[in-house]
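Engineer: Okay, here's what each chain looks like letter by letter:
Number of protein chains: 2
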Amino acid sequence: MSLELDYLFHPRSIAVVGASTDPQQQGHSFLKLHLNNGFKGKVYAVNPKAKEILGVTSYSSLLDIPEEVDYVISCIPSGVVPQLIDEASRKGVKVVHLYTARFSETGRQEDAQLEQEVLRRARASGIRVIGPNCMGIYYAREGLVFMDGFPKESGPVAMLSQSGGNAVELISAASTRGVRFSKVISYGNAVDLNEADFLDYLADDPETRVICASIEGTKDGRRLFQVLKRCTGQKPVVIMKAGRTGAGAKAVASHTASLAGSQQVWEAMCRQAGAVLVSSLEEQADALVTLHFLKPTVGVRVGIVGGSGGRSVASADQCEEAGLKVIPLPEDLRKKLRDESPLLGDWVSNPTDTSILGGSSLTVCKVLAMMAEHPDFDILIAHAGESFGLGRPGGVQRVLQTLDSYLAIGRSTAKPMAIILGDSLVENERQRETIVEMRRRCIEAGVATFPTVSRAARALRMFGDYFRHRAEADSFK
Amino acid sequence: MSLELDYLFHPRSIAVVGASTDPQQQGHSFLKLHLNNGFKGKVYAVNPKAKEILGVTSYSSLLDIPEEVDYVISCIPSGVVPQLIDEASRKGVKVVHLYTARFSETGRQEDAQLEQEVLRRARASGIRVIGPNCMGIYYAREGLVFMDGFPKESGPVAMLSQSGGNAVELISAASTRGVRFSKVISYGNAVDLNEADFLDYLADDPETRVICASIEGTKDGRRLFQVLKRCTGQKPVVIMKAGRTGAGAKAVASHTASLAGSQQVWEAMCRQAGAVLVSSLEEQADALVTLHFLKPTVGVRVGIVGGSGGRSVASADQCEEAGLKVIPLPEDLRKKLRDESPLLGDWVSNPTDTSILGGSSLTVCKVLAMMAEHPDFDILIAHAGESFGLGRPGGVQRVLQTLDSYLAIGRSTAKPMAIILGDSLVENERQRETIVEMRRRCIEAGVATFPTVSRAARALRMFGDYFRHRAEADSFK
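Heads up: the protein sequence lines correspond to chains X and U, in order. Residue numbers for the first sequence follow our numbering, beginning at 1 and rising by one. Residue numbers for the second sequence follow our numbering, beginning at 1001 and rising by one.
Heads up, a few of these hints could be off.
Here are some chain X residues pointing at chain U (derived, C-beta under 10 Å) [stated by the list, open to error]:
1) S60
2) D64
3) R102
4) D148
5) Q162
6) V168
7) G243
8) A251
9) S280
10) L281
11) R311
12) P328
13) L343
14) E386
Read the hints as simulated data drawn from the structure, not as lab findings. Glycine included, every Cβ here is placed at the ideal spot set by N, Cα and C.
Produce the entire structure from the sequences given, and follow the hints as far as they go.
Structural biologist: Written out as structure tokens, the structure reads:
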């Protein structure tokens, strides 16, 4: 058990040092967000050039604040950070989050030395440092946040990200699809607190059921491996390793001054530790949606309904290529289909092509319900947002009705079910808005949505791999 | 030269046989679309049960139409199609498009025999058949169309697709990003006219500069290879082969009764013929956007600007993994950067991380302009739609200004440039609509847009491969 870092997420008071009067500056945003976003503790502004910012007194120095300060957000230039650490130490501050950048990542020796000096002073005074060069903490439950528009509700997914930009993009992409977060930490150059510290904490965090991490490098691979292994025994961990190529590793150096390390070593470590390794933000979002919404399965036998003929073929190919099994319809299920429609009974297959069902009493929803009940299917995929269906006369209404029937099946089955919504990038505004509405209904029903079947298939495959690895690991215990 | 099929696209009159009074039926849509969508010739309805549909006389039979009919669209049940072919023959019809389905694809012997009987009668009378089991022709210039909402303007891209659904989805996905079409043919079971016939025609079609095809199978691989080779010598050909896996091949059989064939054979054929092979509709759309908008290049050295640090790293990795080269900044370019900003000159790299430029006179647009001018870069990629940038105070305005500067550079450079717009799959409506507006500006400027850098990188790599193959092939002539 290592919940000792829990105090990071429960400051009683926050001081924004380098609070700004300019709304475009992050030193303004940090102050505004903590004043107005549900943080219950006290929030102080420090800026010697201002008397008041956003209605609160602006102090000349951290030391001028009359009450205690637990947590400092630093938006001042790097050169004065060592002095800030000293003042924080005298003030009894527990945590300093350095939004301040331009330390080792500039590649200049004096900046790297400055970073080490900051670390030395923090260590000497027992202050923990998040960063430098990062966005810090988003913890909705306590009102800690680093960007406007993040969900106010909490959820089961924790995230670590060296990059603040990636954290923002992933929060946006995943929350749009209904994922909610327990704790997010953007931790930049990781001069003090690093990925292993946070993973170790999150392994035991009762608010966290799924962990994802965007990591550019580590200073202690052995410890990371041990912590990672402990984590994956408790909950799934999805890792995007950045800096996989030569050019990527160079970009990592000028971003967070991390040593990217060998991609083969990272792959081996994740495989042995049972972590899911992804290579893009899209894959990471897909993995989170899957782990957030779907009931665990170790199976790979998939039943697919709802596309036209062309999409049925593509779905079969893409699922098989991702390692799922698109099994033929079982004979007893086919018998039921024959009873329903003698003409279609031998023609309908898996995937079920919607367009051949016209004029019969057989619908894709009936086929999906049969697949949901049948023990041979482990996973269900249903298509709902094809341009073909949406664009036909009365199409929007029909597509929404079909979706509602899918969702009723999704609510009652114990099998994981993915809905393919199609791309919300379409020119036609009505279609675009329909897809947004469909997504809203899916999230409300607690169902996972994907823009394409190939992305769903890859995510579902990784999901099964994790649970199989977990089951094998458990069987050795 | 084989433009003999040109008459398919220039009928003087069309009869919709099986025209329907029910707006939900395709037999109604075909009539409505050709009456109201700019088709200049005469349009006739045939349905013995109606007197008038959509304001035009409904004839009891094709033979009752008092004038000549060039082109018949059949929406009647399969069993009466042989009789329709006989009547079409007596009427002097040149082309029958069989929207009618339930022929060989049902898997029943009598339906396959019926299909052969239709072919026999058509051959005997010199009628050419498109289909059966397909959507037919979309040719905006003549007002031929099979779905509401397709662009009314023409463009340089021709498409073949056995699946009507895939054709609709690809038209929607690609036209949303500015692609316009010369001729689209959905050709279903291909009982008479097949992929080789259409490719042979499109190779010489002066309205077509790019060809894409979604193919499920062929009956004559040798001829297809010869035709394909001839095509790729004239213009790029992008092929999505469906039915690549066992389950996919099964789905192909029940969709268009095609024999999917061996994927290895298809891969070898496309490689030898110099066609670009893709495996999803998304990849196909990306390839079309690339070929539609970008200036040809055989180079792979890419310059990237505009992401935050995390996205810069991801861009470097994903471009390198796709086979592009993310080269270091050349020394003479770096000297210019040092002149502009001594502090940043040695820190800025390729990809250029936007977030480190704050407070200096250096902007990503200046770096992009330098890359555009510098001979070491073959391809440019610029990020424009990150949630991070859009969500900050004043962000939308700033992002749009940056985009306009990118587009000015894109207009003046001879190098291919791709704009990464980010996913419009965002919850925030203002951000979503901003991305739609950004896309509009890009299309107007004739610039290619992609939702993610990994999709752009793969498309740009295939694009270079095609032009390199073409240059090599030409050097042997």
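Engineer: Please go over all the hints and tell whether each is borne out by the structure.
Structural biologist: Hints versus structure:
no. : hint : result
1   : S60  : violated (23 Å)
2   : D64  : violated (27 Å)
3   : R102 : holds (8 Å)
4   : D148 : holds (6 Å)
5   : Q162 : holds (7 Å)
6   : V168 : holds (4 Å)
7   : G243 : holds (6 Å)
8   : A251 : holds (4 Å)
9   : S280 : holds (5 Å)
10  : L281 : holds (7 Å)
11  : R311 : holds (6 Å)
12  : P328 : holds (7 Å)
13  : L343 : holds (8 Å)
14  : E386 : holds (6 Å)
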